[in-house]
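Please arrange chains B, C, D, E and F with the ligands on chain A, whose structure you already have, making use of the hints.
Chains as they are written, first to last, in the working numbering: chain A, 1 to 373; chain B, 1001 to 1373; chain C, 2001 to 2455; chain D, 3001 to 3455; chain E, 4001 to 4098; chain F, 5001 to 5098.
Simulated from the structure, these hints should not be mistaken for lab results. Be a bit skeptical, because a hint or two may be false.
[Claimed, not checked] Below, a list of computed lysine to aspartate or glutamate pairs in the DMTMM-like style, where the Cα atoms sit at most 25 angstroms apart:
#1 C:Lys2368 - C:Glu2324
#2 B:Lys1210 - C:Glu2229
#3 B:Lys1201 - B:Glu1246
#4 D:Lys3389 - B:Asp1347
#5 B:Lys1167 - D:Asp3353
#6 A:Lys210 - D:Glu3324
#7 B:Lys1210 - C:Glu2329
#8 A:Lys167 - C:Asp2353
#9 A:Lys210 - D:Glu3325
#10 B:Lys1210 - C:Asp2353
#11 A:Lys167 - B:Glu1148
#12 B:Lys1201 - D:Asp3425
#13 A:Lys167 - B:Asp1047
#14 C:Lys2282 - E:Glu4088
#15 B:Lys1167 - A:Asp47
#16 B:Lys1210 - C:Glu2324
#17 A:Lys201 - D:Asp3357
#18 B:Lys1210 - C:Asp2318
#19 A:Lys167 - D:Asp3361
#20 C:Lys2389 - C:Glu2431
#21 A:Lys167 - D:Asp3363
#22 C:Lys2389 - A:Glu338
#23 B:Lys1167 - C:Asp2361
#24 A:Lys210 - D:Asp3425
#25 D:Lys3389 - D:Glu3431
#26 A:Lys167 - D:Asp3353
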Amino acid sequence: MKLGIRSEQSDSETRVAATPVTVTALVDLGFEVDIEAGAGSVAGFTDAAYASAGAHVVPMIEAARLDVLLCIGPPTQAAVATIADGGVVVGFLDPGANVDLIADLGSRGIRAVAMENIPRSTLAQSMDALSSQATAAGYAAVLLGAGELPKFMPMLVTAAGTVPPAKVLVLGVGVAGLQAIATARRLGAVVRAYDIRPETKEQVESLGAKFVEAPTQEMDDGGYARAVDEETAARQRAILGDVVAESDLVITTAQVPGRQAPRLIDRTMVERMAPGSLIIDMAASSGGNVEGSRPDETVIVGGVRILGPRDLAARVATDASRMYGRNLLEVVSRMVVEGNLVVDGDDAVIGPALLGTHATPGVESPTDPEGAA
Amino acid sequence: MKLGIRSEQSDSETRVAATPVTVTALVDLGFEVDIEAGAGSVAGFTDAAYASAGAHVVPMIEAARLDVLLCIGPPTQAAVATIADGGVVVGFLDPGANVDLIADLGSRGIRAVAMENIPRSTLAQSMDALSSQATAAGYAAVLLGAGELPKFMPMLVTAAGTVPPAKVLVLGVGVAGLQAIATARRLGAVVRAYDIRPETKEQVESLGAKFVEAPTQEMDDGGYARAVDEETAARQRAILGDVVAESDLVITTAQVPGRQAPRLIDRTMVERMAPGSLIIDMAASSGGNVEGSRPDETVIVGGVRILGPRDLAARVATDASRMYGRNLLEVVSRMVVEGNLVVDGDDAVIGPALLGTHATPGVESPTDPEGAA
Amino acid sequence: MMELAYLGAGVLFIVGLKGLTSPASARRGNRMAALGMLVATITVVIEILDIDAEAAWWIVIAGLAVGGVIGGLLALRVQMTDMPQLVAAFNGFGGGASALVAAAAVVTVGATMANETAITTTLSLVIGTITLTGSFVAFAKLQGLVSGRPIAMPGGTATNGVIALAAVLACIGAVATSNETLYWLAAALAAILGITAVLPIGGADMPVVISLLNSLSGIAAAMAGFVIENQALIVGGALVGAAGLILTIEMSVAMNRSLSNILFSGFGGGPIDEAIGTRPVKRATADDAAIALVYANRVAIVPGYGLAVAQAQHAVRDLAAALEERDIEVYYAIHPVAGRMPGHMNVLLAEADVSYDLLLDLDHSNPKMSQTDVVLVVGANDVINPSAKTDPNSPIYGMPILDVDEATTTIVVKRSLAPGFAGIDNPLFYEEGTLMYFADAKVALEETLAAIERL
Amino acid sequence: MMELAYLGAGVLFIVGLKGLTSPASARRGNRMAALGMLVATITVVIEILDIDAEAAWWIVIAGLAVGGVIGGLLALRVQMTDMPQLVAAFNGFGGGASALVAAAAVVTVGATMANETAITTTLSLVIGTITLTGSFVAFAKLQGLVSGRPIAMPGGTATNGVIALAAVLACIGAVATSNETLYWLAAALAAILGITAVLPIGGADMPVVISLLNSLSGIAAAMAGFVIENQALIVGGALVGAAGLILTIEMSVAMNRSLSNILFSGFGGGPIDEAIGTRPVKRATADDAAIALVYANRVAIVPGYGLAVAQAQHAVRDLAAALEERDIEVYYAIHPVAGRMPGHMNVLLAEADVSYDLLLDLDHSNPKMSQTDVVLVVGANDVINPSAKTDPNSPIYGMPILDVDEATTTIVVKRSLAPGFAGIDNPLFYEEGTLMYFADAKVALEETLAAIERL
Amino acid sequence: MSDAFINGIVVFVLASFVGFEVIRRVPPTLHTPLMSGANAISGITIVGAIFAATTDHSWLAGILGFLAVAFATINVVGGFLVTDRMLEMFKKIPVKRR
Amino acid sequence: MSDAFINGIVVFVLASFVGFEVIRRVPPTLHTPLMSGANAISGITIVGAIFAATTDHSWLAGILGFLAVAFATINVVGGFLVTDRMLEMFKKIPVKRR
Ligand SMILES: NC(=O)c1ccc[n+]([C@@H]2O[C@H](COP(=O)([O-])OP(=O)(O)OC[C@H]3O[C@@H](n4cnc5c(N)ncnc54)[C@H](OP(=O)(O)O)[C@@H]3O)[C@@H](O)[C@H]2O)c1
Ligand SMILES: NC(=O)c1ccc[n+]([C@@H]2O[C@H](COP(=O)([O-])OP(=O)(O)OC[C@H]3O[C@@H](n4cnc5c(N)ncnc54)[C@H](OP(=O)(O)O)[C@@H]3O)[C@@H](O)[C@H]2O)c1
Ligand SMILES: NC(=O)c1ccc[n+]([C@@H]2O[C@H](COP(=O)([O-])OP(=O)(O)OC[C@H]3O[C@@H](n4cnc5c(N)ncnc54)[C@H](O)[C@@H]3O)[C@@H](O)[C@H]2O)c1
Ligand SMILES: NC(=O)c1ccc[n+]([C@@H]2O[C@H](COP(=O)([O-])OP(=O)(O)OC[C@H]3O[C@@H](n4cnc5c(N)ncnc54)[C@H](O)[C@@H]3O)[C@@H](O)[C@H]2O)c1
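Bound-form chain A, shown alone (with noise of 0.2 angstroms):
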């Protein structure tokens, strides 16, 4: 069995699929694994690191070789040639922004499994990259807002004076907002939060930080939020406009599964905090939880900035690929059955990421052809 990973190296993307250690395991679980040079140097493993590991570094990953392909985002056009008929796509697919890539691979026989439709069950958490790749965001975007704020995060009192402590407001308390307060309040913040689900009041408490009492309702069976209707929102800005108000640096994360990120703060809530206040929005590329946030740029409200990062765990490259590969590795040896590639759409964590086959469950996969490498 063969199984590549490219070098996706950009501006923004600094991760790699595999690193070494998983790489090593990899191979040790039958495959002969090829990799790009250069894939993991700004996350800090070496082509060297590789190759010691057992894997191929080579110039380019020749076309058509592939039996499966581990890639971070959706693989380009180049990227997918590199695969077999037949072959198998392990990544973050983002299917429903990719119909026509997902059709084309289908029409290849490839089959694609979208890491995040990886079930968030206790069973599948070691293969759940969208909870790893949230924990080095939350922490990211802590220590990017710290980084930006013109203040101390911790209260320090000193002979030119008593400096007070940040007030840091987390929006949506899942994994990155958990992951956010705790951070905050490591660097000394003052952390309030807030999520719509009402269990997280608990959780946010059990981190130290306070929550803050806006209105709240229960889940979805997923155990994902379910939108807000407009009252409930309208109520939920009423309270957390004096909050923002008050907040030295605001950090928003809040998501709704398969819909646009909810509105929490707009613009009138923006304008009363304070000149050199941070916001920053984690769901801006959904959306934006803030009024007025874009992708990637930072906005300028009354002398409030708000930033909108995309690609926030590539700012952790390293742990961040280290987690993710570990992810990625944990799904491949479900995939891998005495040294055969068998891709079960029955299965309880592949089958739902398993594209394309989720009204056709149990499509049986043709058998690999080749032994073990």
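Just chains B, C, D, E and F with the ligands now, with coordinates in the frame of chain A:
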């Protein structure tokens, strides 16, 4: 008495020499305060705030108007022009590098108080701007480093593997170094530190970090480190070499007053570090603790980035300005006796900082021509 | 001079009893008390040396021999787990002996006793008899000869009240009239009372009941001392009477019950175990946890979401520090998904300044579990749920867990038997080696630390 | 029945004494003991009611009146600070009374006493006399009538040994021969011994000596009880004898001294205070700190560099939490330059999760100091040095400081009298309201917490 | 009341106080051994039993006496032995703090 | 030895045990009041003093008796009063934990 603050805003300078709070205090001391519009904008202080604190917000301060000019860095020609003959200028004047400027001021009878020369005595602690700005710089250095590092600072045990804590090394444990240690520890990094002065061992340990047992030697009478002979330096590098090699983030702050900064890390030491590691040389502008570091530039040596940021304190402009403004306020207060400006060369604090009068202490300042404002 | 020998025996009892209150000196204390008993027995033998009736001598020798052999065999043969019932039985014999001493006095000089002697004789007889029958019921319950469940009496407490009243009246009559029959009537009523009072009490509460009966047997002995005018009996008896009472109260406090609640409410399900939900679990108190931890060589702490909710990170660190001071190796076993976010336990333990070296992840801690004496689980649940390994139908089947059941003892601190995030029951809680300490994590850890410092 | 009344008195003594061991019940305990004394006195009066000699009655009445008035006046008039010496004096009177009881017995039935009574009479006489003279020397030392410094005896301990030996020989002689003169000789030697044994002991150790003499006066009373065959005396005396001995040992432990070291080494400089350097300071133990803190309404904690060095941030937080649980207001007064870097205290206290709301800077804490009961200074020095305000020659003159001397009591925790960063002495340490607790900050805080939990 | 009786009461009261005071804050693991040891001490009634067996020589008293001695001996011998066995586990002594 | 004497010894020993056991871990601030209170209890010798003052009617015994009563009374009255004064400060009772 007239006192003025010019706008020194530039790409690298974001601080301001007075805040609305200190302006109020200055007005109470009897000053008429002029401030240039936008002087505090980047630091988060609006013109309106200054105005309501009692300052005249002016587009540009008129020539020869001021009895006292407060500044951050050495004043430009234009700035000097705003000072009346016989007036006073207070700020970081960098006298060693600005001989012409000092001569110029002297020729006009302008007394120059250099903040870097304020003694580091217990008494003068509230005027010790070196300490207050080093505090900000030490904090900012860690945030910069943590933001740039492609790794997590803290340890995280996750479903996608265990993320090890980052290893941080701080060389030079003065005010900035201590703050860097504290901040890195807050973030959860494993911190080691080293300084030539033996008493820093206890201080390092008092922050929960580990002291690296390399050679130490007693400081000079002023409490500053002395230069190190080459043999000691070599032993230092030998011991530090191993520690540097296994560190993810190295922050160097070592300075010897009036001399080049000591070279603590040479190229071979850098080359032993893992790719993706980071060095922040806070002494880059005074010669550098790290071979190859350049002020305000990023140098990459074998995958290791060496940053030489200047003006790190300006990254936390609001609080750095607050502290600096408070330092200046204390200095100015000390020079106001019964509503008159008295620059006393004999004063234990002002005297040593008064340029040009070092050799001739006791020069009585000409009585201020104007009464209380 | 005999009296001084008895005094010596009494002093040995006191010192021995004191020794028994602390683990370090308990064994020595017991032996000192036994020495005191030897001194007293030798003294009484010397005192009666001049008695000329040979028959009497044979009676004594036979009694000692029979009793010694029976007692010795029972004590040496019994299983560790059966010890509580054996103590109950021994106690019954002691009470019986005191009653018999009184009975002998009634038989021989009953009609001629002074009032005060008559009173003490009656007390010795009645209390001794209650102890005898009560103890044997307790024995039977613990041994499983009678159901451990509370056996409701017709009429309940009221019936016992009537019997007790009748016994008291019989006693008064006996003292007032010196009528031998009334003595025997009082004894008979006491025998019934002993049975009916203990039967309605559940097996789980038996230790407290035995302790109370022990106190009674001490009082019976002291009363017997009055009857034969011997201060050794008075000292020893009073000592046990008082100490037993205090111990009884301590034991009920340790069970979070009041004594009257135990005696009069017919509580307490199966033997030792107590049921919260449907299945029984073993409960632990702060003192139980403290003893278990202090006598361990290696302790693993397993933090979970409950630690975070209780914000018990500082408390756990303090407890670990106290253990380390006692040369006990402590490590933290961190499950990858403990808590509610990746690294949740890390952020808390870092705040409490727990050294990273002590944090072992799953791969490093599981191999150590089998060489670990005590695992202290603090507010974790799913991450130690063995159904992830054993029950293919479990929603968490396949998740790697911390194998805390491989350690000798597992103490689980949580507030109830409520499930964790996954919403499923945890079979670990009902296992043999698991002790459940139901409390808020912070409170529990602080109290355990206090208990350790007290030891 | 009189005996039962005496027993009742004895029980009241026991219960009273027990009450005296805890702050909450001490006053009630003292009153119960006093009630016991009343019971005993009334009983003895009833017992002698039938005596017909009127003169004897007047003697008793006069004695009670004179003693009552003197004792009452002394007790009510004395200054709080003079109480220790008053206790010493009272103790001397008590010992004297026991000696006098024995003396009266010698005078009246001396020649005819049984051996055992002769022994107890001699013991009562001799021990009572030692108590009498020893207590008055202690009184004189504390009152300043005699120098508080140790007064070396010619020959030292050896001289006392010789006197003691002579006294013992005289006692043996008295018992053996029933010779009255030998009794008086023994008493005289005892009187001398009391003086020579106490004189060489320093004023600072006097409380321990008084406690020991108190124990002796109890034994004397018990012996007097044997003489007049009264169990109230035996119970009360033995009780005090034993309790006093334990208390004496506890007190010497609290001073970190052994009893023999105190008695035989002529230590202990000025009264109460103890000098470390040249000037005397008041030392405090964990228990002193605990009592002071627990009875406060508002406590300020002043952390300094020593807190950081000791890494005592978690310990200080735990201590503060224990105080808050007892409804005591706690705040932290943070000096701008405490520690060795700006914000040094903040980083530590944030790590320990101390709420920011409790951190007051100089401007906010100084106004509260005068309404603060106890300031607990943890490893701070320069930042509380009053010479910054008072001594223009001090290198730190002009630096704002925390005005801890405005609080009622200041407890300073540091390891020694060593100076801090500025290298200068701190006059605060020698002030009246300052207690120095010399220990590593972490150890001290942990021990204080333990002491608080014990209270 | 006889002197001996009153004396008995005094001794009883004092011994009770000792009993009350001696038991304070016993770690729960010691509850059972302590109970068992105390129970063995209450076997002191063996002294009474021996007296009872020897003072009167009637047939009935003899039987009662024999039973009393046997019962008491069971209590004493069994009690101390079983306590000792229970206490075997307390071998390691915890390191005391500082 | 007389019975009374032996009884006295028994009582003495038991009372001593009570004394030893009753005093355990006393907070140092209570050391002085406790000492003072115990000292007042040792004034029980007042009972002996009254006996001594009344059993014999010699001149010498009378003086000794008077002194004994007076001394003992000083100890008793002064002792309890001064202890009470010392204890006035312990009015607030610390809130017990949970
Ligand atoms: N780490 C992650 O990234 C993440 C994210 C999402 C979900 N999860 C899931 O969360 C679970 C984590 O496992 P876990 O063992 O840490 O937690 P858990 O299974 O949720 O159990 C926590 C237990 O703590 C107890 N508890 C709560 N508050 C307490 C208090 N104040 N004092 C004492 N006990 C308290 C609760 O029992 P009582 O109510 O009886 O006290 C509860 O059973 C796993 O199922 C995991 O899959 C993890
Ligand atoms: N904050 C700043 O930015 C800064 C910077 C530089 C200098 N300073 C100077 O540092 C000083 C700070 O004042 P401060 O009151 O915090 O400290 P300090 O005056 O230096 O005194 C600290 C005291 O802590 C005690 N100590 C040390 N280790 C201890 C331990 N393990 N346990 C208990 N006590 C211990 C020492 O006494 P023992 O040895 O007797 O225990 C010492 O006297 C000021 O003079 C300030 O000017 C401050
Ligand atoms: N089973 C597991 O082990 C496991 C692992 C990881 C995550 N999860 C669960 O998955 C769920 C989603 O996590 P995620 O981080 O991917 O969430 P997400 O990125 O989809 O959303 C982020 C947060 O935004 C919140 N939100 C949505 N609308 C909001 C509104 N109008 N106002 C305020 N907040 C709003 C959501 O409640 C959520 O907490 C969580 O419940 C998490 O606990 C479970
Ligand atoms: N009196 C006061 O209250 C007060 C206030 C602030 C600072 N200070 C003191 O002033 C002194 C200087 O502080 P700073 O931060 O301005 O120092 P700095 O910026 O001059 O130097 C930074 C550090 O580099 C160290 N260093 C120099 N050569 C070195 C070498 N070869 N190897 C390793 N380390 C080397 C120095 O020891 C110093 O700690 C310190 O002693 C500080 O405590 C005193």
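Q: Decide if the proposed pair is consistent with the structure: Lys1201 (chain B) and Glu1246 (chain B), CA atoms, cutoff 25 angstroms inclusive.
A: Since the Cα atoms of Lys1201 (chain B) and Glu1246 (chain B) sit roughly 21 angstroms apart, the hinted pair holds (cutoff 25 angstroms).
Q.
What's the verdict on Lys210 (chain A) and Asp3425 (chain D), does the C-alpha distance respect the 25 angstroms limit or exceed it?
A. Given pair Lys210 (chain A), Asp3425 (chain D) is violated - Cα atoms ~45 angstroms apart, limit 25 angstroms.
Q: Would you mind confirming whether the straight-line C-alpha gap from Lys3389 (chain D) to Asp1347 (chain B) stays at or under 25 angstroms?
A: Given that 25 angstroms is the threshold and the Cα spacing comes to 19 angstroms, the pair holds.
Q.
Need the status of pair Lys1210 (chain B), Glu2324 (chain C): alpha-carbon distance at most 25 angstroms?
A. 21 angstroms, holds
(Q) Check whether the Cα positions of Lys2282 (chain C) and Glu4088 (chain E) lie no farther apart than 25 angstroms. (A) 23 angstroms, holds
Q: Could you grab the alpha-carbon distance between Lys1210 (chain B) and Glu2329 (chain C) and see if it respects the 25 angstroms cut-off?
A: Answer holds: Lys1210 (chain B) to Glu2329 (chain C) is near 23 angstroms, not above 25 angstroms.
Q | Pair hint outcome, Lys1210 (chain B) versus Glu2229 (chain C) [Cα-Cα no greater than 25 angstroms] | A | Measuring from Cα to Cα gives roughly 74 angstroms; hence the hint is violated.
Q) Taken at face value, is the distance from the CA of Asp47 (chain A) to the CA of Lys1167 (chain B) at most 25 angstroms? A) 23 angstroms, holds
Q) Quick one, are Lys1210 (chain B) and Asp2318 (chain C) close enough, alpha carbons at most 25 angstroms? A) 22 angstroms, holds
Q.
For a C-alpha distance cap of 25 angstroms, please report whether Lys2389 (chain C) and Glu338 (chain A) respect it.
A. 22 angstroms, holds
Q: Assess, step by step, whether the Cα of Lys210 (chain A) is no farther than 25 angstroms from the Cα of Glu3325 (chain D), and give holds or violated.
A: Holds, because 22 angstroms separates the two Cα atoms, which is no more than 25 angstroms.
Q) Can the restraint linking Lys2368 (chain C) and Glu2324 (chain C) be considered satisfied, given a maximum Cα separation of 25 angstroms? A) 18 angstroms, holds
Consistency note: the structure conflicts with the earlier hints numbered 2 and 24.
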